[in-house]
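Quick note, the sequences are listed as chains A and B, same order. Sequential numbering of the first sequence, starting at 1, is according to this note's numbering. Sequential numbering of the second sequence, starting at 724, is according to this note's numbering.
It should be emphasised that the hints constitute simulated quantities derived from the structure, not laboratory data. Each hint should be verified, as a subset may be incorrect.
Said to hold, decoys possible - Straight-line Cα separation of at most 20 Å, DMTMM-like style, residue types lysine to aspartate or glutamate; simulated pairs:
| id | chain 1 | residue 1 | chain 2 | residue 2 |
| --- | --- | --- | --- | --- |
| 1 | B | K808 | A | E524 |
| 2 | A | K292 | A | E198 |
| 3 | A | K228 | B | E1303 |
| 4 | A | K87 | B | E1247 |
| 5 | A | K85 | B | E1247 |
| 6 | A | K466 | B | E1303 |
| 7 | B | K818 | A | E608 |
| 8 | A | K228 | B | D1332 |
| 9 | A | K576 | B | E952 |
| 10 | B | K917 | B | E793 |
| 11 | A | K87 | B | E1255 |
| 12 | B | K818 | B | E858 |
| 13 | A | K95 | B | E1331 |
| 14 | B | K1189 | A | E617 |
| 15 | B | K1324 | A | E598 |
| 16 | B | K1245 | A | E608 |
Below are the chains, spelled out letter by letter.
Number of protein chains: 2
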Amino acid sequence: MNKSTGRVTLPSEQNFLNETKELMERWGADALRDSDGTKLDDEIKQLDAKIYTTYFVARGNNEFAEQHPEETQQLYLMSQFNTAKDKSLEIDFLKGYFEDQIKPDYIHNPKEWWEVINRTTGDVVDPANWEVKQETNQVIINQAEPWHEYTVSFLAYMIWDPTHMYNHITNNWGDKPHDIPFDARQPFSNQFMKDYLENWLKENPDTDVVRFTTFFYHFTLIFDNLGKEKFVDWFGYGASVSVAALEAFAQEKGYRLRPEDIVDRGYYNSSFRVPTKAYLDYIDFIQQFVAKEVKELVSLVHDQDKEAMMFLGDNWIGTEPYGEYFKETGIDAVVGSVGDGTTLRLISDIPHVSYTEGRFLPYFFPDTFYEGNNPAIEANENWLAARRALMRSPLDRIGYGGYLSLAYKFPEFVDYVEKVTDEFRDIYDTIKGVKPYTGLNVAVLNAWGKIRTWQTHMVAHGKWYKQAYSYHGITEALSGMAVDVSFISFDDIINNGVPEEVDVIINAGDAGTSFSGGEHWKNEKVTATLREWVYNGGGLIGVGEPSAIHHQGRYFQLANVLGVDKELGYSLSTNKYFTEEADSHFITEDVSTFNFGEGMKNVYALSEDTDIIVHTEDGIHLSSTTFGEGRGVYIAGIPYSYENTRLLLRAIYYSAGKEEQWKIWQSSNLNCEVHAYPSINKYAIINNSNVEQVTDVYDGNGNKSTITLQPSEIKWEEEQHEG
Amino acid sequence: MNKSTGRVTLPSEQNFLNETKELMERWGADALRDSDGTKLDDEIKQLDAKIYTTYFVARGNNEFAEQHPEETQQLYLMSQFNTAKDKSLEIDFLKGYFEDQIKPDYIHNPKEWWEVINRTTGDVVDPANWEVKQETNQVIINQAEPWHEYTVSFLAYMIWDPTHMYNHITNNWGDKPHDIPFDARQPFSNQFMKDYLENWLKENPDTDVVRFTTFFYHFTLIFDNLGKEKFVDWFGYGASVSVAALEAFAQEKGYRLRPEDIVDRGYYNSSFRVPTKAYLDYIDFIQQFVAKEVKELVSLVHDQDKEAMMFLGDNWIGTEPYGEYFKETGIDAVVGSVGDGTTLRLISDIPHVSYTEGRFLPYFFPDTFYEGNNPAIEANENWLAARRALMRSPLDRIGYGGYLSLAYKFPEFVDYVEKVTDEFRDIYDTIKGVKPYTGLNVAVLNAWGKIRTWQTHMVAHGKWYKQAYSYHGITEALSGMAVDVSFISFDDIINNGVPEEVDVIINAGDAGTSFSGGEHWKNEKVTATLREWVYNGGGLIGVGEPSAIHHQGRYFQLANVLGVDKELGYSLSTNKYFTEEADSHFITEDVSTFNFGEGMKNVYALSEDTDIIVHTEDGIHLSSTTFGEGRGVYIAGIPYSYENTRLLLRAIYYSAGKEEQWKIWQSSNLNCEVHAYPSINKYAIINNSNVEQVTDVYDGNGNKSTITLQPSEIKWEEEQHEG
Ligand SMILES: [Mg+2]
Ligand SMILES: [Mg+2]
Ligand SMILES: [Mg+2]
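Just need the whole structure built from these sequences, with the hints factored in.
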């Protein structure tokens, strides 16, 4: 590999000039950035590098914010459940909230904007039957139904930006003032944001790239009365709510939202909820507004011949890069954190931008960079997870975050990053713009579709959830697989049928969630379309509780296509005879031990026609069946591993009926993967493990060779043409 | 123990006179019975014993049945699901059924009595759009919606009695004719049954007890096309259906039933289904009819100075002993199979009869009585399981079934039964009619209530189900506990509130089942009543998915009372902080390892006020909380064991707030139990295990003594009065 330069961004800091220069050289960096806590010296800014400067749009200007408390960002929040013990019930609606973050909105009439709900019946309590006691932050319900439960949905001001709050609490910033977030939808704030940016751009001539962190509304992040995280939803629109927004919504969409449309029984429309029409309308409305306003900020940046880069996180609400309005913003680049292959693809697949950048791990923070620890290990894990996704869809740049001075103290880490940056550039230079070989086309079907591309089963970015990891393994496996991947919704199916190019559809999730589909599975258009499509040759892979909703004697509405259903306890009287495993199966040829993660209980075969591949004491965990010309495959769960990646890939080939194409651009060893680029006559074999691997490699004609790969090695080969 | 006699029934058989006399003497038997396959000699009938003779009401007379094929019993059956591939769909509605058992009813117009349902939409297909092809047993749907699924609900004749069929197939009876069941509701059959019985009674002067096996309608038992069991529901009313019954129902109840009211999406109203009003009306209607007709048969028996005994099983549908009409039948005695404590109590608690009899295990069949096996082991297990329930509510008699000649060959077994029969009589003579000490009063709450007393979570009698055993442990534990037990329904709660005497309510089952309660939990009267009751001091124990239905942001509708709810994936964004186990807890004082059976996933504490007792990687498995003056306890599952019996008993005391009464008539060793009979100043300590046990015993004043019990020993003590 030749020593190359560029496509790498480093964080820097004050009084670190010479070391910065040294690391820039070793890592081939061509851009430098500041961070929330670090600033760059003028001398550093004069180095031969693009300068990224972090910019906050909606906070960090308390002088302004304090002049316009009525323009502070708002939230709809729900109180705890309260049980009435007699006709009168006092509700401390702030109980459990953090008063440093949350302040009830008494400016707008609670009787108009709040909602008291009887959660036992679901009825809204007539505002005539409750009063707000402002001095004690209480709602008093008169005429309560004894022993019913009640909640209060109230409007509040969010008087502390959640990211600032998190950093403040975590780093013990003491009496440092709290950043007050102000709302782009409000007149003074809107004007202020633009004026301030315009001025700031002029005052920062050395800045080449304005790194917006991010725009107007933070994802929902609420703290509790002990100052600990209470609620976090990386997709949450909580902070976008305001009286102004709700009134504009009514004007534009022709109907008013209820508080319940936002608080959603306390679930706050988590992305695991099947989105309601009202919520979809609402986020569409916010997205349009955000896109329009972002466009204006971006124009100001462009007017100063700078680039506008968006950090995908923090205040990113409304800027969904796979949404309908993102292309209108004019944003030049998106940068985001890369924790694995999924988050890499989330960034690298973003359309309508000039370039994408991934911030790799580890962050240069003391939690990893401490004496006795070797941060190169985490860097290697991160790189192996990311690289297989890069091979499918390269980022244009990579970078790091944190304190460069800290990383500098770990020479082995510095060496390792030198290797990674070189390898990254080598891959990029080879395959950028080149279409990789694609065995099959896979669509992930859920209630969200395209807008949540690579964002299924996520709660907080990068956080592990017991209820999600058995499904998250699917996107992670797909992120580096030689297949094309798209994310489609039930509405796509209803409106346009299954897209022509799709070979295999995956539906995965717990019953009732947006990712499985919930009520959508009662829609006859959805089930009939999919049955017809599979019958005519399509492949359907169901994971967990696919197509699940209890209706008309079925739990899996596509049970006939999958060959299995789940016993809910209603049909115990019906004998379940089919439990015997097949002797062997294409899907499990490479693996003999299984990990289905959380698994699933009580899934059984509908008939002897179902091929049971793995049957545990809890029921079927893996099976297949034919349905006309097509096939259905059921898998109980797919936590991420190389074994499960292989199992899923084989399930994809099998469900599509393309087993005969398996040995094309394929490796026999599941720790290795082959990525081919036919138009440039090259292919790479990667070792995803950190030990040596030997593998057979099948080329595009199915010819086999055997190679040995060093730990983590990538080996490039020229394609040999026959004849 | 003195040698005693009586209260024991033996099966006998031909050519076995002397051995019968010997065993009668050794076991103290005072009654002899025949069986389905065995007859008694005249000589045996002259022994000094009551003679029971098995009698079949509705089968075993093919000469009559063949003369009246239109009076053969009927069933509503549902075809398999069939996917339409175009506008026309042919359904082989008999597919999967056993043509030796099932014959479609073409006598009554299918257009009037059958139903074709689109299971994708739930719509009934207009009879104008389908035709029956009688010669091929097909329904042809025209105007089908392509890719929708369809079922046919059809009326059929059941041309072979299921028990006869089972014995016939199991014992390879070859071309022995198939018993055709005829229907008591039909005119000729009704008259025939009475005439035949009247005549039979006269022809069997030696019979003292007519052992009805049983009356008119067999529980639902359907075989498949391979002659294997396809569907079995011990509570199923399948065989009670007929055109005559449906017409009489419409007349009586004022509305017509649909086939769907009976086939119920293919679930056939399994007792796990929350019963619909239509189904409750229907079984009430059948019960009234059966009671009236049974009463007439019983009168004929009484007219001949014989007793009428009912076998609780086989054709027992409509005779529910805990139902409203049972007392009107005049039946003298009920006999049933005793597999454990639950089935013992099911028999021994039956009201309105002169006596009850339990048929103990093992059955004298070659599957247990074979060379090398020791049937005394099974007999000991059976006795230990039954004895603790006997201590609470004694049967009046016990007995055995099968081939006495087979048992005779196993001397150790003969010895053991001699001990058991003596011990039984000793217990009976001591406690019959004496109220045992009762610590607390426990009600099991489900959608069925009293009518399914001791019959919760049962599918086929005595059969283990993965989805039931974690709940069945509750009734089994309760069956021998020093508590009073009742079974109450949601309607009881709605109409009358919680009965005055109840200290603790148990709600246990999987979500959506009748035993958990399903839709009943949306009824505000139910939830409000129970909240108030607990708040005022009641104890609520929830097992599995208690009070579960997803509604208004809760899954457990009594989450506030239980202190826990279950995460469905909608509220992952809300942090679940409370996972730490309490250091110790009253409920777990005697046990340190746990078996929650199937357990439960994702149950979490609502707040820090919940005492988490056992938290596994799957979430909370055991917890408690206070609610006003009362308490809620959550348990993930309770498979039967002595450890779990102890755990449940402690949970009962704890939830009722009666910990201070724990050491009254109590043993410290959980393998032992104390049963006290204060009115006769006696108490017994039983060793439920088959090894020696040492235990502290607390008497009615809490005074402790320490005793040693031999394996399986029962030790009687006189109560010492103080002062
Ligand atoms: Mg520069
Ligand atoms: Mg006699
Ligand atoms: Mg498990």
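Results for each hint:
1. B/K808 to A/E524: Given that 20 Å is the threshold and the Cα spacing comes to 14 Å, the pair holds.
2. A/K292 to A/E198: holds, 17 Å
3. A/K228 to B/E1303: holds, 17 Å
4. A/K87 to B/E1247: holds, 15 Å
5. A/K85 to B/E1247: It holds: about 14 Å lies between the C-alpha atoms, which stays within 20 Å.
6. A/K466 to B/E1303: This hinted pair holds, its Cα atoms lying about 17 Å apart.
7. B/K818 to A/E608: holds, 14 Å
8. A/K228 to B/D1332: Holds. A/K228 to B/D1332 sits at ~18 Å (cutoff 20 Å).
9. A/K576 to B/E952: The hint holds at about 10 Å.
10. B/K917 to B/E793: Within the cut-off at roughly 19 Å; holds.
11. A/K87 to B/E1255: Holds. A/K87 to B/E1255 sits at ~13 Å (cutoff 20 Å).
12. B/K818 to B/E858: holds, 14 Å
13. A/K95 to B/E1331: Distance of about 14 Å is within 20 Å: holds.
14. B/K1189 to A/E617: holds, 9 Å
15. B/K1324 to A/E598: Given pair B/K1324, A/E598 holds - Cα atoms ~9 Å apart, limit 20 Å.
16. B/K1245 to A/E608: violated, 39 Å
Of the numbered hints given earlier, the model fails hint 16 alone.
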